[in-house]
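Protein chains in written order, with the working numbering: chain A, 1 to 584; chain B, 1 to 236.
Be careful, since some hints might not be right.
[Unchecked claim] Below, simulated SDA-like cross-link-like pairs (lysine to any residue); rule was C-alpha separation at most 20 Å, straight line:
no., chain 1, residue 1, chain 2, residue 2
1, B, 105, A, 361
2, A, 455, A, 538
3, B, 105, A, 172
4, A, 132, A, 89
5, B, 193, A, 184
6, B, 112, A, 372
7, A, 372, A, 361
8, B, 115, A, 222
If you're looking for bench data, these hints aren't it; they were derived computationally from the structure.
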Amino acid sequence: MQRMACSFPDEVLEHVFSFVQCDNDRNAISTVCKSWYKIERWSRRRVFVGNCYAISPDMVIRRFPDVRSIELKGKPHFADFNLVPDGWGGYVAPWISAMAAAYPWLEEIRLKRMVITDENLELISKSFKNFKVLVLSSCEGFSTDGLAAIAANCRNLRELDLRESEVEDLSGHWLKHFPDDYTSLVSLNIACLGCEVSFSALERLVGRCPNLRTLRLNRAVPLDKLANLLRRAPQLVELGTGAYSSELRPDVFSNLSGAFSGCKELKSLSGFWDVVPGYLPAVYPICCRLTTLNLSYATIQSPDLIKLVGQCQNLQRLWVLDYIEDAGLDAVAASCKDLRELRVFPSDPYGPEPNVPLTEQGLVSISEGCSKLQSVLYFCRQMSNAALMTIARNRPNMTRFRLCIIEPGTPDYLTLQPLDVGFGAIVEHCKDLQRLSLSGLLTDLVFEYIGTYAKKLEMLSVAFAGESDLGLHHVLSGCEKLRKLEIRDCPFGDKALLANAAKLETMRSLWMSSCSVTFGACKLLGQKMPRLNVEVIDERGTPDSRPESCPIDKLYIYRTVAGSRFDMPGFVWTIDEDSAMRLS
Amino acid sequence: MPPDTTSESPGSDVTSTVFKDTELTLGLPGEARFSGGKTCSKRGFIERSMDLNLGDSSSSSSQTRGKILAGQDFSSESLVSGAGKPSAAKRQEVVGWPPVRSLRKRALEGCKYVKVAVDGAPYLRKVDLEIYNSYQELLRALEQMFMTCFAIRGNYVGEGGRKVMYPMKEMEYVPTYEDKDGDWMLVGDVPWKMFLESCKRIRLMKSSEAVGTLAPRTHPRSCTYEVAADQQLKAR
């Protein structure tokens with residue numbers, strides 16, 4: 001057997017391995033024998049690090065010496081909702097420095113929820129001669145100056161995607177830093193930028209890049225400029241408009257409509273800030289080709305939404321505000337038979353009363369009409385167990401179900417019972433469910449259902465739910481594939497956590513905030529589990545100043561082979577073997 | 001993974017320690033499951049719930065929530081009676097709930113920034129109209145903003161004409177704005193929300209100039225002031 005494994009020259013094995021891209025498969029290959037391990041690590045080109053603190057840059061570089069593409073994730077998901085204090089961490093700087101030295105041929109950097117500075121961006125732009133792809137998803141810490149450095153120095157740049165990052169807008173002139181002979185842009189997403197970019201520079205850039213297929217503009221790009229941009233890039237596949245409002249003028253309209261008609265490849269539309277309904281018909285000619293439509297910033301009413309969406313028979317992904325109403329979702333269910341993903345966002349999340357007639361009924365209609373529906377994110381104000389059971393039975397093929405009933409602790413509005421049974425039906429019927437977010441009035445029973453049925457569940461988000469540690473115990477002991485668990489405002493304490501300590505090493509991370517976990521339990525965990533970082537985040541000051549049995553504010557536990565991190569701010573405490581000894 | 005793991009795993013001595021104390025059983029709701037010494041944690045938790053306004057008695061639904069979270073007196077009755085009733089006031093804002101990202105929140109808020117010019121002042125300012133709820137708030141803010149340009153010896157916002165007065169210089173400023181159609185109007189005529197939607201920029205005009213150029217049609221309070229074509233105000 002061993003002889004067979006070595007009978008192929010390395011180059012042949014490497015060639016064979018090149019057909020295997022999936023990380024899990026490559027990991028499996030590397031365990032076959034030493035020779036395969038060696039060949040595989042030299043030929044691994046793409047690395048994904050789901051938690052930047054789970055491993056150090058040096059460890060990655062030592063194992064994989066010739067990486068061309070890296071993806072890193074930093075802060076926990078709840079950072080999106082301001083639950084992680086500023087300065088917590090997620091700095092990409094050490095990674096960039098290390099890679100600048102080790103990976104001169106690095107082509108792609110993809111970051112999510114990380115802090116990246118202008119200096120980091122400049123270092124990237126100068127260190128990697130063949131740099132092609134920069135995706136900064138929900139990142140922060142940089143300004144348009146950093147973007148200028150990327151534009152000026154990355155001659156082979158293909159993709160610059162700033163999706164939902166917080167960028168300090170110093171000037172719109174950064175776009176001018178793309179050299180006149182730079183023509184390789186394929187994808188540009190600047191939708192999150194607040195400032196006006198230099199429009200003439202943008203026009204010229206778009207005009208000279210024949211391979212441009214994705215262009216997501218920011219709100220500051222006025223509608224009357226859009227037609228010209230489209231005429232320069234009729235090959236666009238994905239477009240995000242700027243503000244979609246202007247005085248209604250027939251000449252502007254027909255110009256725009258003509259420009260859209262010229263885009264025969266357009267499959268995805270987004271943007272639509274400040275929509276003036278009168279201009280929507282300009283996109284009608286291309287609606288039948290659309291597979292993705294993001295109207296989540298379009299503050300238009302249901303009738304206009306229905307007219308638009310009703311023409312998109314090939315729609316697979318729809319993001320929309322609750323202005324669509326139940327009636328609009330009925331229309332979607334009737335027209336969009338290919339729908340795979342629906343996200344309905346709240347137009348007035350803080351209002352005390354519902355402002356639009358959007359209820360559980362809309363989601364039920366979609367579940368009935370859209371047989372390919374897999375992924376749902378739905379904000380609403382009322383729900384019933386009956387509706388959830390109907391949805392579950394209709395769509396056992398669902399893989400992502402995130403329901404947000406806006407008022408915490410809202411029961412089934414028909415029976416006034418908890419929604420345990422409804423969510424139980426979801427996990428029981430949807431056997432391939434990977435992601436679930438709970439809301440509404442929920443007892444420990446829902447967690448028992450989840451632990452029993454949700455065997456493929458990888459990510460669970462819980463808020464204002466449960467009654468006791470038993471709930472948490474059900475999840476930790478039952479969900480075999482669980483990787484990420486995030487909990488806020490639930491009466492879960494030490495017992496379930498300590499009883500399932502070993503489980504935590506099989507997961508990427510656990511977040512618990514405003515629960516009942518004590519500092520004593522955290523210390524115990526930190527002491528006994530060297531391969532976990534147990535981070536206590538508390539802005540009230542050191543946990544030592546309070547009794548050990550008092551609950552901590554926020555807890556973030558993640559597995560790591562890199563030990564405690566060195567960049568913790570003053571409000572984060574970890575407990576490792578050393579400090580535990582000192583404290584006792 | 002079941003809590004009673006094999007002895008090789010590092011977590012096992014943790015679990016065995018805890019397991020002696022714990023009795024994780026399926027019990028009926030309301031049964032006390034906390035062992036002694038947990039009273040502090042319960043109290044602490046309730047305290048924090050209060051911080052989050054969850055224990056606030058101002059709305060019955062939040063009271064019930066507080067109860068659920070503390071695990072006390074749990075009974076389906078108290079659940080049913082309190083929960084689900086919409087509160088009259090704007091719902092208490094809990095940090096990070098509902099889970100809507102800031103980018104999205106800000107985009108929906110509108111963030112209506114308009115330029116404000118004051119005759120005689122060298123710089124323009126920008127204000128976000130969305131953060132004000134009424135004309136009074138806006139004008140008060142404008143006063144504060146442009147205070148540094150003038151010596152202040154008391155000023156007031158009048159009732160009728162909504163004039164901002166700086167008695168020391170004996171100058172009156174009339175707040176005007178340019179609307180969507182490009183016309184210059186007197187601030188205060190239309191309902192606040194309508195003003196929010198139509199205002200493109202603001203100019204605090206010296207009264208002396210205004211009198212000559214703005215031509216009232218009807219009662220000064222309710223009319224719209226329009227600029228005569230030949231006296232066009234310079235738009236900055």
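Outcome of the hint check:
1. 105/B - 361/A: Between residue 105/B and residue 361/A the Cα gap is close to 25 Å, so the pair fails against 20 Å, i.e. violated.
2. 455/A - 538/A: violated, 33 Å
3. 105/B - 172/A: It is violated: about 24 Å lies between the C-alpha atoms, which goes past 20 Å.
4. 132/A - 89/A: Cα-Cα ~26 Å, so violated.
5. 193/B - 184/A: violated, 47 Å
6. 112/B - 372/A: With Cα atoms ~40 Å apart, residue 112/B and residue 372/A exceed 20 Å; violated.
7. 372/A - 361/A: Holds, at roughly 18 Å.
8. 115/B - 222/A: holds, 18 Å
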